[in-house]
Amino acid sequence: MSLLSFYARNSQEVLGLVGQHLYLVAISTGTAIVIGVPLGVLLTRWPAWRGPVLGVANVFQTVPSLALFGFLIPLPFIGGIGATTAIVALVLYALLPIIRNTYEGVAGVDPAVREAARGMGMTDRQLLAQVELPLGFGVILAGVRVATVVSVGTATIAAAIGAGGLGVYIFRGVAVVDDTLILAGALPAALMALGADALLGVAERRFAWRAR
Amino acid sequence: MIPALDVRGLGYRLPGKGSETGNGRFLVRDVSFTVGVGETLVLLGRSGSGKTTTLKLINRLLEPTSGEVQVAGERAADLPVTRLRRRIGYVIQEVGLFPHFTVERNVGLVPRLDGWPPARIDARVRELLTLVGLDPDTFARRHPHELSGGQRQRVGVARALAADPPLLLLDEPFGALDPITRVELQREFAALEGRLGKAMVFVTHDVREGLLLGTRIGLMLEGRLAFLGTQDEFRRSEHPEVRKFMEAA
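For the protein sequence lines, the chains are A and B, in the order given. Under the working numbering, the first residue of the first sequence carries the number 1, and numbering increases by one thereafter. Under the working numbering, the first residue of the second sequence carries the number 1, and numbering increases by one thereafter.
Rather than coming from a laboratory, the hints here were simulated on the basis of the structure. Treat each hint with caution, since some may be false.
Simulated restraints on C-beta separations [as the list claims (entries may be wrong)]: (1) R112/B x R45/A: 22 to 30 Å; (2) G38/B x N58/A: 36 to 44 Å; (3) G51/A x R8/B: 35 to 43 Å; (4) F60/A x A123/B: 49 to 57 Å; (5) E63/B x V34/A: 30 to 38 Å; (6) V56/A x G16/B: 23 to 31 Å; (7) A176/B x V34/A: 35 to 43 Å; (8) R112/B x P76/A: 36 to 44 Å; (9) F60/A x A176/B: 41 to 49 Å.
From the three backbone atoms N, C-alpha and C, an ideal C-beta is built for every residue, glycine too.
Can you build the whole structure from these sequences, using the hints too?
Here is the structure:
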């Protein structure tokens, strides 16, 4: 009950923080898609780069998020206090699942289909646009889904470097030992993650072309 | 008369230096033959004898390391690879239909790549589906997963014929089918061959299929063309590998 009355009293602030949170997730995931999908496709063309690129993306994943935010603050241009730094960190986190799934989605296309496509005279670009990306779309979307859900959670920590979002309530709640305040941030974040997961899950099934 | 396909001294050597069995090994060595219009050359041989590699050297899915291929008098190596391939129909055992395309779009693929007007593609697709024994009204809008293995390969053959290529390469097209469907398709294909008037190279390890479909038979052994001749010459040949195949039939 006290949570509901908290929301009632602070509705403006809550909506603002939800908006900031969505903004952080949308911009960072969007950027990660723009970087990660082409990179994943490149890896299918130059397999020698696969180890190094996935390795680097993997390293970003292993750095604890709070530490990554901390490391970025002193950097020029992308660092500092605020949303930009948070977005950079969130992009770095989102890259691995997107690159990896793009690679696997494209590389996982039935070799016979690829051979037939090339044998009939498709250019590499046609093969990619008409065959590999459509067939790999479900797998790529699964990577985007993972990246989005992780971003929603990680973005709560962005409040620690002044980027706003629902983490503001969580950190405030932890500082003053107020469960209601923690819940006020955590609950909408959890719902947001569940919502994104469900929505992208539906899209993913819609585009699964695994049937032979 | 320029042959539809002229293969001279064709060779493919794996990259790298090494022994006769590892890297640097020849998968195909010094293979020469011609195929005329309306003729089907069957390339017979055991697994690993270089039959499939030879086909892939013709449409440049593999680049020859020696020798030369000419298609209708033009050097294959001089043509842009996509243009070369659009003039050569290609049918493989696994069929390789695009699972996200309807039968119609699968068959019309090469004409669409070549920029035919939609009405002409549509008419051509219907004509070809009828030719391979599939009713266009029933099958045109289906997806590959809604077809049986035999129906899929019929679509595969129709797709290869779509842009009316002068040359057709077939790599064990009926190899993955159940025996009854296989015999059915072999018979229909034998009847179709004469009507199509194409030059064909048909790879198989099945002597009976080879004798049913081939105007001439080439026997591959360890990357070389060990025997090349007509059906009668093949049956009478004393070549030990030919004898082994005839005994297995």
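Here is what the structure says about each hint:
1. R112/B x R45/A: 22 to 30 Å: With a Cβ separation near 24 Å, R112/B and R45/A satisfy 22 to 30 Å, so the hint holds.
2. G38/B x N58/A: 36 to 44 Å: 59 Å, violated
3. G51/A x R8/B: 35 to 43 Å: At 42 Å between Cβs, range holds.
4. F60/A x A123/B: 49 to 57 Å: Distance hint for F60/A, A123/B holds at roughly 55 Å.
5. E63/B x V34/A: 30 to 38 Å: Holds, at about 35 Å.
6. V56/A x G16/B: 23 to 31 Å: This hint holds: roughly 30 Å between Cβ atoms.
7. A176/B x V34/A: 35 to 43 Å: Roughly 41 Å apart at Cβ, these two residues keep to the hinted range, so it holds.
8. R112/B x P76/A: 36 to 44 Å: 51 Å, violated
9. F60/A x A176/B: 41 to 49 Å: Given a distance of about 45 Å, which is inside 41 to 49 Å, the answer is holds.
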